[in-house]
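Asks: Just so you know, the sequences run in chain order B and V.
In terms of the working numbering, the first sequence opens at residue 1 and continues consecutively.
In terms of the working numbering, the second sequence opens at residue 1001 and continues consecutively.
Check each hint, because a few of them may be wrong.
[What the hints assert, rightly or not] Taking lysine-lysine and the DSSO-like style, the derived pairs with C-alpha atoms no more than 27 Å apart in a straight line are:
{"no.": "1", "chain 1": "B", "residue 1": "Lys429", "chain 2": "B", "residue 2": "Lys413"}
{"no.": "2", "chain 1": "B", "residue 1": "Lys506", "chain 2": "B", "residue 2": "Lys431"}
{"no.": "3", "chain 1": "B", "residue 1": "Lys429", "chain 2": "B", "residue 2": "Lys240"}
{"no.": "4", "chain 1": "V", "residue 1": "Lys1199", "chain 2": "B", "residue 2": "Lys244"}
{"no.": "5", "chain 1": "V", "residue 1": "Lys1199", "chain 2": "B", "residue 2": "Lys530"}
{"no.": "6", "chain 1": "B", "residue 1": "Lys530", "chain 2": "B", "residue 2": "Lys506"}
[What the hints assert, rightly or not] Simulated DEER-style distance windows between Cβ atoms:
{"no.": "7", "chain 1": "B", "residue 1": "Ala332", "chain 2": "V", "residue 2": "Thr1046", "range": "15 to 25 Å"}
{"no.": "8", "chain 1": "V", "residue 1": "Gln1110", "chain 2": "B", "residue 2": "Asn140", "range": "27 to 37 Å"}
{"no.": "9", "chain 1": "V", "residue 1": "Val1189", "chain 2": "B", "residue 2": "Val305", "range": "17 to 27 Å"}
{"no.": "10", "chain 1": "B", "residue 1": "Gln258", "chain 2": "V", "residue 2": "Thr1178", "range": "38 to 48 Å"}
{"no.": "11", "chain 1": "V", "residue 1": "Asn1028", "chain 2": "B", "residue 2": "Asp283", "range": "43 to 53 Å"}
{"no.": "12", "chain 1": "B", "residue 1": "Asn140", "chain 2": "V", "residue 2": "Val1189", "range": "47 to 57 Å"}
{"no.": "13", "chain 1": "V", "residue 1": "Ala1002", "chain 2": "B", "residue 2": "Asp408", "range": "45 to 55 Å"}
{"no.": "14", "chain 1": "V", "residue 1": "Asn1028", "chain 2": "B", "residue 2": "Gly135", "range": "21 to 31 Å"}
{"no.": "15", "chain 1": "B", "residue 1": "Asp283", "chain 2": "V", "residue 2": "Arg1253", "range": "32 to 42 Å"}
{"no.": "16", "chain 1": "B", "residue 1": "Pro436", "chain 2": "V", "residue 2": "Thr1046", "range": "21 to 31 Å"}
Derived from the structure by calculation, the hints contain no laboratory data.
Even for Gly, the Cβ is constructed at its ideal location relative to N, Cα and C.
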Amino acid sequence: MTPAKHGHGPSHPAARLYAQEVQNGQMSRREFLGRATALGVSVPAAYGLIGLDSRAEAASHGMTPRMGGTLRIQMDCRALKDPRTYDWAEMASEARGITEYLVEIHRDGTLHPVLLAGWSANADATEYTLNVRPGVKWNNGDDFTAQDVAANITGWCDASVEGNSMATRMAALVQDGQAAPGAVEVLDPLTVKLRLLTPDGTLMFGMGDYPAAIMHRDKIGTSVADHGIGTGAYMFEQFKVGEKVVLVKNPDHTYWGQAYLDRVEFLDYGTDPSAWLAGADADEFDMTYETVSDFIDIFTSLGWVESQVGTSATVIVRTNQEAEIDGTRPYADVRVRRALALAVDNAIPLELGISGRGIESNNNYQVAPGVHPDHAMIAPHRQNIEEARRLMDEAGMLDFEHELISIDDDYRKNTTDAVAAQLRDAGFKVKRTVMPGSTFWNDWTKYPFSSTNWSHRETGIQTLNLAYRSTAAWNETGFRSDAFDALLNAATAIADNTARQATMAKLEQMMVDEGVAIIPYFRALYRHAKEGLLGAEMHPKYEINIHKLGWA
Amino acid sequence: MALFILRRLGVMVASMLCMTFIVFALTNLPANLEKLAKTQAGTRMTDAQVQSWLARGGYAQPMLRRYGEWLGVVPGHAGDASAGETAGRCARAAMQAGLDRAPRYCGVLQGNWGYSTKFRAPVGQVIAERLARTGVLMFWAFAVMVPLALVIGVLAGMREGSATDRTLSTVSIASTSTPEYVSGVIFVVVFASSMVGLKWFSGSAKSAVDGITFHNFTLPVATIALYGLGYIARMTRASMAEVMTAQYIRTARLKGVGFRAIVLRHALRNALIAPFTIIMLQFPWLLTGVVIVEELFVYPGFGNALVEGAQNNDIELLMAVSVVAVVVVLITQLISDIGYALLNPRIRVT
């Protein structure tokens, strides 16, 4: 893919401010690229602003693959549905060869246009102009126009659709559960104007997320598996949920971009990594979706190429302040929650849970240092068992038996076990309950004390809005604070990075003081592929774009 | 005889009704319906969204009524036609058959097994495909297991207490006391992994779907066969040992008939009556026993469908699975009863 110019006219003023911060050493290059491209500055221009050549980035992409060939990928083959309700990244990867996205987020955190030719935002990030890529056709022969873009964005804003997670990402456009009147306007067949109710500098990241697949304007709310209409170069040859999904190049469709492989097979090997290893040993596939735990070293020792990416993905061990056990709410007491957090040395779950494959968190808040551009340093976490016991005793809960629930799998179970062991070492009574994946998620927000894995998001404020706002659908901690919400509103509206960090520091400190959750580490993700496969590097969001993959 | 078979078929229909009703009741417990809604429309849905999804899909109606719909004796839930909904099972059936109007009844009696919410395909199609694959696996497992077990059993039983008997009995007991999830893992590690490095066979039977080879099918077949092998061999041995002490064997020996002729011509037929029943009993056991092997070797067969169906509360798939289970159990028992009578003229089926 050619990263075309996607900014028009002079650079966004905020981007120039960021560039200054980079020069002053207040912001990392990675943060800068993510922030600047989100505001509509093209990648070469963004590199230019900080005095670098964009070929530095191009070099990391390596060679161009040759045309043709077959690729077999080990991945769970899940059923497709309305993309807005996708709850697994695998679904998007199955369909990405057919339904594409307006923008995409690269491994380095930069935004690139796909079905857009470019976009720009005004100074305070309340108006976005989206320029639709000309010459793109749907595989049913229709032209791809601004009407398609507007119809999709309007659809994303529809909060009445069960399981539509895009409505949260588009919150700045939503009023009363629908797109606000006048928020989405088609100016001409190639231009869409978005008017936000509140400033939001993260809007374009939302459009690069996996549920934001672009459907034909007449097919909003349908599953692409049912009709196969999309802009991508591929079509489904076979779609067997739980078994295999096969895509081949669509011979009746002229694709606007470049695609290399003739055939891609996604093969489902279930959830047991030893079955993946058996499949790899039997040479049944060429690339894993994600390699986990001890299997990372084993796959590498087989001679497969390892790729790694640091993310803000984590496992949080959290209490639910509203959960009732036998008529009482044990975790409504902040002393109990703080005691649990203080009893844990976060380096231990990192070592025992994920064998050190990741970085230890700074403190118990869900903003990743070194990954999230809006992370603010606050005082780090220190284990203090005496203080933990004192607080627990003061709350009269030393004899209480905590039931710590986790899903039955490798790293989440081990991480939770490590936390439980440390709680026991501190003298607290802990009972571990392990639930199979099929039942664990039924009540995941309601467990009194359990662990949950959270995926990577590009900015810290996105995660906090999703998980800790008092009205958030995914608020699993029962933490509902007006003060916190007010700070969240303030932080979300801040376009400037430095000013945002100051508010983020307050939010982070509040999470620590309230003992909202134990957040021990942020994971690095791994993937393995056979030698000679290009474009298969691990992505922070597990993204697989079959248009870009190919054999050397 | 005809009356006997007819009566057995009657029992089969009654068992199916009971069985499916129990499965239906269990899969329609409120918690299970919630699980269904969440696996279908989004893991992280709110309670209100779950309720509205269930109502739209027709899951909110009384359970008996919906069991009737599944059976095909109550008109199917059609969804709200004015709102353009096609959620009802009859509408989907019509769509698949290419009809303009949905039929009123569309249950099992009308030949519609429903729709698998996990595999997104008609249940009939899923079951047929999966049963065929498991059938292939079972055929090879039986083809290896039964002759081997009978030979071992007969060799061990014809001279009770001999060194051959002791050795073979030890092997049989060891094999039957090793469950599949132990023997399967050992096989994979020894014969398929890079760790040991032999790599004679494949530890994954995924590619067997596209074509069975010696390489990809040996380990799953061996794992299943090994477990049943010892059991059948022990039964055959016991039966053989008993026959060998019978009066007519002694008479034959006194007559001067050779040992080989005694075993093959006189003892074998009588000794095989008991193992025959045991072998027939292995069919229903294998049908569910393959669950472990199919999961271990990633072979998408009937056992895998059962696991996936149960994990995702795929109601109509589980119903069909239970019907198949009842049919297989009762048919194999019927064959075993009739076959028993044929092998042993002293027994009559009435």
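Asks: Hint by hint, note whether the structure agrees.
Replies: Status of the hints after comparison with the structure:
1. B/Lys429 <-> B/Lys413: Holds, at roughly 18 Å.
2. B/Lys506 <-> B/Lys431: With a Cα-Cα distance of about 34 Å, the restraint between B/Lys506 and B/Lys431 is violated, given a limit of 27 Å.
3. B/Lys429 <-> B/Lys240: Measuring from Cα to Cα gives roughly 46 Å; hence the hint is violated.
4. V/Lys1199 <-> B/Lys244: Within the cut-off at roughly 25 Å; holds.
5. V/Lys1199 <-> B/Lys530: holds (19 Å)
6. B/Lys530 <-> B/Lys506: violated (46 Å)
7. B/Ala332 <-> V/Thr1046: 15 to 25 Å: At 22 Å between Cβs, range holds.
8. V/Gln1110 <-> B/Asn140: 27 to 37 Å: holds (35 Å)
9. V/Val1189 <-> B/Val305: 17 to 27 Å: At roughly 25 Å between Cβ atoms, B/Val305 and V/Val1189 fall inside 17 to 27 Å, so the hint holds.
10. B/Gln258 <-> V/Thr1178: 38 to 48 Å: violated (54 Å)
11. V/Asn1028 <-> B/Asp283: 43 to 53 Å: Holds, since V/Asn1028 and B/Asp283 (Cβ atoms, about 44 Å apart) stay within the stated range.
12. B/Asn140 <-> V/Val1189: 47 to 57 Å: Cβ of B/Asn140 to Cβ of V/Val1189: about 51 Å, so the range 47 to 57 Å holds.
13. V/Ala1002 <-> B/Asp408: 45 to 55 Å: 52 Å Cβ-Cβ, so the 45 to 55 Å window holds.
14. V/Asn1028 <-> B/Gly135: 21 to 31 Å: violated (52 Å)
15. B/Asp283 <-> V/Arg1253: 32 to 42 Å: violated (58 Å)
16. B/Pro436 <-> V/Thr1046: 21 to 31 Å: Given about 23 Å between the Cβ atoms, the range holds.
Consistency note: the structure conflicts with the earlier hints numbered 2, 3, 6, 10, 14, 15.
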